[in-house]
Each structure stands twice: as C-alpha cells, then as structure tokens.
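In order, the protein sequence lines correspond to chains X and U. Counting from 3, one number per residue, gives the positions in the first sequence under this note's numbering. Counting from 22, one number per residue, gives the positions in the second sequence under this note's numbering.
Hints are computed from structural coordinates only; laboratory data are not their basis. Note that the structure is predicted; figures quoted are calculated from it, not measured. Wrong hints could be hidden among the right ones.
Across the chosen pairs, the derived CB separations fall in these ranges [what the hints assert, rightly or not]:
no. : chain 1 : residue 1 : chain 2 : residue 2 : range
1   : X       : K271      : U       : L41       : 18 to 26 Å
2   : X       : P160      : U       : H269      : 20 to 28 Å
3   : U       : L113      : X       : V158      : 41 to 49 Å
4   : U       : K167      : X       : V291      : 35 to 43 Å
5   : U       : G137      : X       : S211      : 25 to 33 Å
6   : X       : K111      : U       : V226      : 30 to 38 Å
7   : U       : G137      : X       : R117      : 34 to 42 Å
Idealized CB from N, CA, C, for every residue including glycine.
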Amino acid sequence: MSSAVQAQGTNVLTLERSQKRFARLVALPGMIVLVLLVVGPLAYMFFNSFFVKTLATPVPPRFAWFENYGNLFTDGRFWNAFLNTMIIMVIGIPVQSFLALVLALLLNKRFPGSRLIVALFLIPVMITPVVAGFEWKIILDNRFGPLNYVLSFFGVTPLAWLAKPVLAMISILIMDTWQWTPFVMVVLLAGLAAIPKQVYEASSVDGSSGRETLWRVTMPLLRPMFTLVILLRIIFIFKIFDPVQILTGGGPGVSTETLSVLTYIMGFKSFNVGMSSAIAVVQLVIITVIAKIFIGTVMNRREGKES
Amino acid sequence: MNTITLNREELARRKRIRTLFTVLRFLLILIFFVIFLFPVYWIAVGAFKVEGEFYHYPPIFWPSHFDFQNFVRGLTTFGGAEALVSSLIVALTNTVLVIAFGVLLAYSMGRFKVGGDNMSFFVLSLLFAPPVIATMPLFIIWKTLKMLDTYPVLFLSYILINMPFAVWIMKGFFEDIPHGIENAALLDGYSRFHAFRKYVLPLAVPGIAVTALFVFIFSWNEYLFALIFTRSQASTLPITLAGMTGGHEIPWGEISALSLIAILPGVILTLFFQKYLVRGLTFGAVKG
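In isolation and in its complexed conformation, chain X is listed as follows (with noise of 0.2 Å):
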C-alpha cells in the first residue's frame, strides 16, 4: 500500500521534472531570438549612455561615467520635450476618455447596424501613421484645408495651425484624439457589455434616476476599464513618433517635439551616440516602472478574479 503511494509520488515527481525540462527547452529557441535581437541591442545602449561619442567624427569614444545623464537633466530641450509628452497625456487623456465614455454609452444599446458602426469608428486606431499624419497635413492646411474652410462659417478667420507653437501642439492633439479615442470607447464597451443587466433592474427598483445610476453604478463598476485604458495610453503616447514626425516634425520650433521625436533628433541630427541613448535608458527606465504598475493593476486583478 505505502509503497504503492511512494511509487506514484515518485512518478508525478518525475513527471514534473520532464515537464519542467520540456517547457525549458521549447522556450529556447525564442528566448535566444529575444536576447538576441532585442536584449543585446538594449545592453548596448546602455553601454554606450556613459561615453561621449558621435557617429560623425572618427574621434574615438570616450568613457565619461554619468557625464550624459548630467548634460541631459540640465538640457532644456529635454525638459522641453519632456513637459510636450506629459502635456499631450494630461489634456489629450482625459478628453479622450470623456468623449469615448460619451460615444460608449450611445453605442452600448445595440441597434441594427451597430456592430458595423462600431468597426467603421475603429479604422483610425489601426491606420498608418504615417498616413494619420499626411490626412491631417491635408485638413489642417491653412489655406485649402477643409477645417479652416468650415470654420469660416463661424466667423473664425483661417489659422495657420502648423505655423505657430500653441496650435501645433492643438493640432497634434487633435489628431491624437482622433486616432485613439475609438480604442478608449470600444474599450468601455467591453466594461459595459460586462456588467449585468441586474445591476440596473436592482438600481431602477431603488428608484434611481438614470443620471444617479451612471454616477453610482456604472462609473464605479467601469473603473478598471479607466485604468486600464489610461495605462495603454501612457504607454502609446511615450511611443508616439510617426504621426508627429509628419505632422509638424517637431516644430515650430521644439514646440511639438516629444521624448521620442527628441531622441531621433538626438540620434540622427546631431549624431550623438551618448546623448541619444542616455535619453533612450531615462524612457525605458520609466516604462520598466509603468510595466511594473500594469502587472500590479491589471494583471494580477485580472488573475484574482479567475480563481
């Protein structure tokens, strides 16, 4: 008896060990690829942030320890580019997040024809950028753009929108706000089409009124949804390049330039090797944080709930 138990102790032990080996040697080969082709070009990076080096003159890098993490917190254009990141996530995210809540709740009771109308409204999420950007270029143009000429219909004089700072940056939001507020709302309709319908019925028997039951039932039960969808768009606007890079390329000026568009610049106009990926290490320093959070909120509450 015992020793028939201790047999099969023995065997699942085994059985574990060999699964445990097999699951190793499966994600070998991708692990390689990854270390490979995504790791070692990071810890070169990483390397090169404390030496002074540029790709133009053959003068040979130099080893400079935190010289250009030093040159880059007292560099203005950092701060600069900076301040145009988080100002993009402050006004840009929450508008977002309204007019998607807005377009959500119109959209959540289904109609005939609804789920198409909500497939057309997510065609800007997955454009080209590059295209989001050009679109834009076009519409914006101050002299034959189509916004100027219906806002002239409201006495508005034409604007030069990619010609002075304050604009460019209304412009970038704008189309940012375009391109993902889409994505937020199908977002929340997702949280929406989660939440039962007796929720409602237990709310309208309380005799709430529909304004009470949004602010009581629905925003509270939606907030994972908002954090979530924060999170992401955090994340894609620490990404955002192509669109701005088309759109206005940073100017006038460096009054539109982002981290990344910064870091281009950086890289690939000035050519400086230690300043550019010092700028990169700060950016995935401040990721690996966010990614931190998004394990903390997301996942592991996503986790709690299956089990």
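Fit chain U to the known structure of chain X by using the hints.
Frame of chain X; chain U shown alone:
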C-alpha cells in the same frame, strides 16, 4: 376613470420623452460618426481627385469625376509599386519569423509558466518600450555589419518590435485552451511535443492567425526603423509616401492614392476581426 386617463397621459408623455431621447441619441452618434470618419473619407476622395482640385478654395468635397491617374502615377512615377513589393517582402518575412520563434515560447509561458512572473514582467517591459530607444544601437550594429538598406535589416529589426507582442498575445491564447488536452495524449504514450503539435496547436490556430495578422500590419505600417535603416533599395511604402513631399509642389493626389492602398490591411483587421482588435491592443487584458 380619472386616474386611468391621467396614467394614459403620463404614459404618452413618457413615450414622447423616450422618442426624443432616441432621436437625440442617433443625432449625436451621427455627428461623432461624421467627425471621426471624415479624415478617412478625405483620403478616399482625395485619391480620385485631379491635381488642381487640392489647391482649390472652397475645398472640393465631391470630385466632379473620378480619376484613376493618381493610382497609376503613384505606383509608377513615384515608385509605389517597388515600395509595395518591399513592404510585402519585409512584412511577410518578419511575420513568419516572429510567429515561428514566438509560438513555442508563448506555449511554454502560457502552459508551464516558464520563468514565472519575472518572465512576464520582462516581456511586458519590452512590449511597452518605445521602439525609438533601440534605433541607435541597431543602427551601429547594422552599419558595422554593412547591412543597411537591405530587406534583412528591416525584417530582423522588426522582430524587436513584434516578438514581445506576439509572445504575450499568443501566451493568452494558449492559456484559454483547456488544460486536460495534452494529458490525454500523454497517457496514450505520445511525446510532449507530439501532444502539442497534434492536440494543442490545432486549437490555437485562430489565435495564432490573428496574432500573425497584427504582426503583419505593425511591420507594414512601421515608419521609424525604415526611415533610419533604409535609403533607396529597401524603402517600404511609408518611406516612399513620406519622401513624396520632397518637391515644392506636393502631389497630394498620388499621396492619397498610395495612402488608400497602405491603410487596407489595417482596415481589413478592424472591419472583420473587431473582437480580436480589442484583445490585441489591450495586450490581452480585455478578451473582447
């Protein structure tokens, strides 16, 4: 009697209010719809305009006749056809590589929790990182290897962008497959690899296919790496598009025509795989 008529009036009033709200609701949806779809409409119409119509005030919202010359000139004179071929080669090769190397890692992570939480954190961090940070080290590496402006530079570099995404999304799809599946095969004496290939993989095919479509589109749409790593030989569609603004008269008609071709894969994904779009873009956090 009196109370009943009152109720009836009350009901009629409520019904009127409800109708009013429905009308208002659809009106608002319509306004949003027109605003959000207008830029897409503008590309589509622009592709068929003749050159002068872009420099016309007031703007032309509906061209007098539809002209296909923009497509012809865009594809030939402006090098759109070559760019299209480059984009296809790069995107397809990258997709095959990413899926081939990613699928087993995803299976291992999803099923056997290889590397545990640290592994998840590692992949997520790479997934969230802005691609621009990798441009400089990659540029130096490719330059040293004298590989700049070739297809391999692009489809290998795109592994960096797409592999963390593909692994993470496919991991989720493997987690969705019931756990008992392989055990039956193992009890029948099959090897673990056989169990994966014959029992798990067929169930994962839809998820893998959708992941592949995402990866294809990300490569197809990519601009930054292509901008830095190519010059002329391996220019993809976004690069050719961006390069068309070089002259002093910008050929908006041809740009619109090529743009319309460029956005096709993304539009197909949104229209036909909406459910997966949400899942993909939330990195699996919303199952759609």
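Verification of the supplied hints:
1. In this structure the supplied range 18 to 26 Å is violated for K271(X) paired with L41(U), their Cβ-Cβ distance being about 57 Å.
2. For P160(X) and H269(U), the Cβ-Cβ distance of about 21 Å falls inside the hinted range of 20 to 28 Å, so the restraint holds.
3. In this structure the supplied range 41 to 49 Å holds for L113(U) paired with V158(X), their Cβ-Cβ distance being about 47 Å.
4. Look at K167(U) against V291(X): about 38 Å separates their beta carbons, and that is inside 35 to 43 Å.
5. Evaluation of the 25 to 33 Å hint for G137(U) and S211(X) yields a failure: the beta carbon distance comes to about 49 Å.
6. Between K111(X) and V226(U) the beta carbons are some 35 Å apart, a value that agrees with the proposed interval 30 to 38 Å.
7. G137(U) and R117(X) have their C-beta atoms about 39 Å apart, which keeps the hinted 34 to 42 Å range intact.
Violated hints, in rising order: 1, 5; the structure is consistent with all others.
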